[in-house]
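These protein sequences, in sequence, are chains U and W. Following the numbering used here, the numbering of the first sequence begins with 1 at its first residue and continues without gaps. Following the numbering used here, the numbering of the second sequence begins with 1 at its first residue and continues without gaps.
The set of hints was computed from the structure by calculation and includes no laboratory data. This structure is a prediction, so every number in the text was calculated from the model and none was measured. We treat Cβ as the ideally placed atom computed from N, Cα and C, and that holds for glycine. A portion of the hints provided could be inaccurate.
Not everything, but these chain W residues come out facing chain U in the computed CB check (under 7 Å) [claimed, not checked]:
hint, residue
1, Met49
2, Leu128
3, Ile136
4, Ser174
5, Leu176
6, Ala177
7, Gly181
8, Ile258
9, Leu294
10, Leu304
Estimated spans, in silico, between C-beta atoms of each pair [what the hints assert, rightly or not]:
hint, chain 1, residue 1, chain 2, residue 2, range
11, W, Val26, U, Val140, 31 to 41 Å
12, U, Leu201, W, Phe306, 20 to 30 Å
13, U, His168, W, Ser243, 35 to 45 Å
14, U, Thr36, W, Ile209, 49 to 59 Å
15, W, Ile319, U, Leu162, 47 to 57 Å
16, W, Ser284, U, Val159, 52 to 62 Å
17, U, Val61, W, Leu94, 54 to 64 Å
18, U, Val140, W, Trp314, 51 to 61 Å
19, U, Glu158, W, Phe306, 24 to 34 Å
20, U, Gly164, W, Asp187, 38 to 48 Å
21, W, Ser284, U, Arg145, 42 to 52 Å
22, U, Asp156, W, Leu305, 42 to 52 Å
23, U, Glu158, W, Gly181, 54 to 64 Å
24, W, Arg325, U, His168, 37 to 47 Å
These stretches of chain W come out as covered by chain U in the derived footprint (C-beta under 8 Å, 3 or more residues) [what the hints assert, rightly or not]:
hint, region
25, 16 to 30
26, 247 to 255
27, 295 to 302
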Amino acid sequence: MYALLAIGFSLIFGVARIVNIAHTAFYMLAAYCFYTLLAKTGLGFLLSGLIAVGGVTAFSVLCYRLVIEPVREHEAAVLIATIALALIFQELMLFTFGGHFLGIPSTLEGAVRLLGVSIPYQRLLILAVAAAMLIIVWYVLYRTRLGLAIRATANDLEVANLMGMNVHRVAMATVALSVSLAAVAGVVVAPVFVVDPFMWLAPLVTMLAIVVLGGLGSLKGSLIGALIIGYVEAITVFAVPAGAYLKGAVALLIMVVVLLARPEGLFGVAFEEER
Amino acid sequence: MYWLRRGWAELRNEVFVLPSRTLVLVWALALLALPAVYGDAYVLRILTMTCIFAIFAASWDLLAGYTGQVNFGHALFFGAGAYTSALLSLKLGLSPWLTIWAGAAVALLFGFLAGYLCLRLRGSYLSLATLAFPLIALGILFAFPDFSGGELGISGLRRLVVTPTGNYYIAVISMLAVVFGLWLLADSKFGIVLHAIRDDEVAARASGINTLRYKLAVFALAGAAAGFAGALFAHYLRVAGPSTLEVSLSFQVVIWGIFGGVATIYGPVAAVFLLYPLTEWLGSFRAFGELRLLIFAIIVLLVLLFMPRGLTPWVRDKIETQCPRCKQRNGSWKSVCRLCGASLQAQVPGAERLVGHQ
Chain U
1 MYALLAIGFS LIFGVARIVN IAHTAFYMLA AYCFYTLLAK TGLGFLLSGL IAVGGVTAFS
61 VLCYRLVIEP VREHEAAVLI ATIALALIFQ ELMLFTFGGH FLGIPSTLEG AVRLLGVSIP
121 YQRLLILAVA AAMLIIVWYV LYRTRLGLAI RATANDLEVA NLMGMNVHRV AMATVALSVS
181 LAAVAGVVVA PVFVVDPFMW LAPLVTMLAI VVLGGLGSLK GSLIGALIIG YVEAITVFAV
241 PAGAYLKGAV ALLIMVVVLL ARPEGLFGVA FEEER
Chain W
1 MYWLRRGWAE LRNEVFVLPS RTLVLVWALA LLALPAVYGD AYVLRILTMT CIFAIFAASW
61 DLLAGYTGQV NFGHALFFGA GAYTSALLSL KLGLSPWLTI WAGAAVALLF GFLAGYLCLR
121 LRGSYLSLAT LAFPLIALGI LFAFPDFSGG ELGISGLRRL VVTPTGNYYI AVISMLAVVF
181 GLWLLADSKF GIVLHAIRDD EVAARASGIN TLRYKLAVFA LAGAAAGFAG ALFAHYLRVA
241 GPSTLEVSLS FQVVIWGIFG GVATIYGPVA AVFLLYPLTE WLGSFRAFGE LRLLIFAIIV
301 LLVLLFMPRG LTPWVRDKIE TQCPRCKQRN GSWKSVCRLC GASLQAQVPG AERLVGHQ
């Protein structure tokens, strides 16, 4: 799940140079959307999930056009525009749904026993969806013309532009792709976690830690970073007294240590000095 | 008598010639005179908090705006100052007048440490790594609740003085001192070096500037100023809690800084003075109470769409023009530069169009 978020964030940073603080807010939006469709309209799980992902993705492109694109040249302005967007989403959800937690029934009931440990089907579903999305993203990035354009733009924006690519449209496609990843993550984890308007803040920090740990703009790095951070958090909670408080701190500490040893992250490419 | 005349001449020739300087003078005098005219305790309380946050925002600007080390974890210094001062005054029984300086000193050390850790990082990596520091500190505080008070924080601190007016004056005077101090520093040779580091660190190093030493110094200075603000905050509210280390405070200062206009010092201060009372004021209406963060975010977004460089540079460009020859600033009503006499209006037909095109 973290891997999905981290890869989306890393993509949007690599290609469009947008530090998208609102990324996890889209994840929250998708979870809410899913909840509403499921509870109010009685659509099936699959259908409401698909509508939630599609709707949030379309909405993100709209946000990008209206809010981000006019200030693209000013990096600082883009940054706080995304923070403001995240705040707006949070407040809107707070206003419409209230601050209390909302529970969603599991998509799949029951559990499977594996080596004496019972694993709910829901968790298996998350694993399967995450794996499927990773394969799709890999396919899009490395086997299609759009992927080639995205990677070229990430590598060198100006040269890509000179080669006749529509850089704006590539950036927009990347926004859509990355937000749809976040939305899928939101939809599949909603039944496991509870849904509330502040659910975007905690994954935001973990996601940033993963992305920086793995190296900005690297798919493989994001995946391995997510695995490392996930295991470290789990181990701290079980092994250290008062570990539940320290789990974030330890994960971030690892990130800082890795950064000190290797400033561009585990798998990142050192960016050329931009002048 | 001589000094009086000299002072008046300085005032007339240096301050009144530029509308922005006059505005700053009027603002400072108004702040100092306010309790005598309108001593409402609620207004004083909001303005006291505003002053404390103004110090905080100005210190962020020195680090992020001038030196380009965009810090997402500035709350670390604020929290370090608040907690140090609170612990010292409560556990050792020291006077708050002493512990505030201790808080600033510890925050300076933290700034030094954070700067040292961040020397090798740049750009977004630096921002994201600094975001982690206050969260690590927060995790450690929560893990030792006996020492830090856990979620509740440390409460029951003594105030510096008892009366609201006294507290107000302490906040205003320290704010004016710190902000003007930072402004002077940023306008000096030191500030020019910082500009150079932000714009091109390699070139700065090639010109024989020890950029590492400068970066460390700026981290320590900004940390000290922010820690000072944090300590004032703790003793004013009489509690040092985990909210001083939260992500939202770090983001808040980034919003203030960019909204006001980076690399100006006065920009973030102006932004705090506009936005903080605005949110408090909106919160005082029952209907708006729940919506105030929403309104806040929408206002920030709209202002940015129209003035992407921030509020103060936009206002400044409206009321002043820059002389094309000597680069000094003039009031926008002048047609001739006040220092070198060059004409400020474009005289060639169509030249405005050309200038606008650049």
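How the hints compare with the structure:
1. Checking methionine 49 (chain W) against chain U by beta carbon gives a least distance of about 20 Å; that is not within 7 Å, so the hint is violated.
2. Annotation: leucine 128 (chain W) was flagged as interfacial toward chain U, and the flag holds, the nearest CB pair being 5 Å apart, inside 7 Å.
3. Below 7 Å, beta-carbon pairs count as interface contacts, and isoleucine 136 (chain W) has one with chain U at about 4 Å; its hint therefore holds.
4. Evaluation of the serine 174 (chain W) hint against chain U yields a violated restraint, the C-beta minimum of about 27 Å exceeding 7 Å.
5. This hint is violated: leucine 176 (chain W) has a C-beta 27 Å from the nearest C-beta of chain U, more than the 7 Å allowed.
6. At about 28 Å, the closest approach between the beta carbon of alanine 177 (chain W) and any beta carbon in chain U exceeds 7 Å, and the interface hint on this residue is violated.
7. Annotation: interface hint on glycine 181 (chain W) violated; nearest CB of chain U at approximately 24 Å, more than 7 Å.
8. Below 7 Å, beta-carbon pairs count as interface contacts, and isoleucine 258 (chain W) has one with chain U at about 5 Å; its hint therefore holds.
9. A hinted interface residue such as leucine 294 (chain W) counts as satisfied when its beta carbon comes closer than 7 Å to some beta carbon of chain U; here the least separation is about 4 Å, so the hint holds.
10. About 5 Å separates the beta-carbon of leucine 304 (chain W) from the nearest beta-carbon of chain U, less than 7 Å, and the hint is met.
11. Evaluation of the 31 to 41 Å hint for valine 26 (chain W) and valine 140 (chain U) yields a failure: the beta carbon distance comes to about 59 Å.
12. The beta-carbon spacing between leucine 201 (chain U) and phenylalanine 306 (chain W), approximately 29 Å, falls within the hinted interval of 20 to 30 Å.
13. For histidine 168 (chain U) paired with serine 243 (chain W), a C-beta distance near 41 Å keeps the hint of 35 to 45 Å intact.
14. The hint said 49 to 59 Å for the Cβ distance between threonine 36 (chain U) and isoleucine 209 (chain W), and at roughly 57 Å that hint holds.
15. Under the hint 47 to 57 Å, the C-beta atoms of isoleucine 319 (chain W) and leucine 162 (chain U), about 41 Å apart, miss the expected range.
16. Between serine 284 (chain W) and valine 159 (chain U) the beta carbon distance is about 54 Å. The supplied range of 52 to 62 Å therefore holds.
17. Checked against the given bound of 54 to 64 Å, the beta carbons of valine 61 (chain U) and leucine 94 (chain W), roughly 57 Å apart, stay inside it.
18. At roughly 41 Å, the beta carbons of valine 140 (chain U) and tryptophan 314 (chain W) sit outside the given window of 51 to 61 Å.
19. One distance hint, 24 to 34 Å for the beta-carbon pair glutamate 158 (chain U) and phenylalanine 306 (chain W), holds here, with the actual separation near 28 Å.
20. Here the CB-CB span from glycine 164 (chain U) to aspartate 187 (chain W) is close to 47 Å, well matched to the stated 38 to 48 Å.
21. The given range of 42 to 52 Å is broken by serine 284 (chain W) and arginine 145 (chain U), whose C-beta atoms sit roughly 57 Å from each other.
22. The hint said 42 to 52 Å for the Cβ distance between aspartate 156 (chain U) and leucine 305 (chain W), and at roughly 29 Å that hint is violated.
23. For glutamate 158 (chain U) and glycine 181 (chain W), the Cβ-Cβ distance of about 42 Å falls outside the hinted range of 54 to 64 Å, so the restraint is violated.
24. Our hint of 37 to 47 Å for arginine 325 (chain W) and histidine 168 (chain U) holds, since their Cβ atoms are close to 39 Å apart.
25. For the region 16 to 30 of chain W, the stated coverage by chain U is violated: 0 residues have a C-beta nearer than 8 Å to a C-beta of that chain, whereas at least 3 were required.
26. With 4 residues bearing a CB less than 8 Å from a CB of chain U, the region 247 to 255 of chain W meets the requirement of three and the coverage assertion stands.
27. For the region 295 to 302 of chain W, the proposed coverage by chain U is satisfied: 5 residues have a C-beta within less than 8 Å of a C-beta in that chain, meeting the threshold of three.
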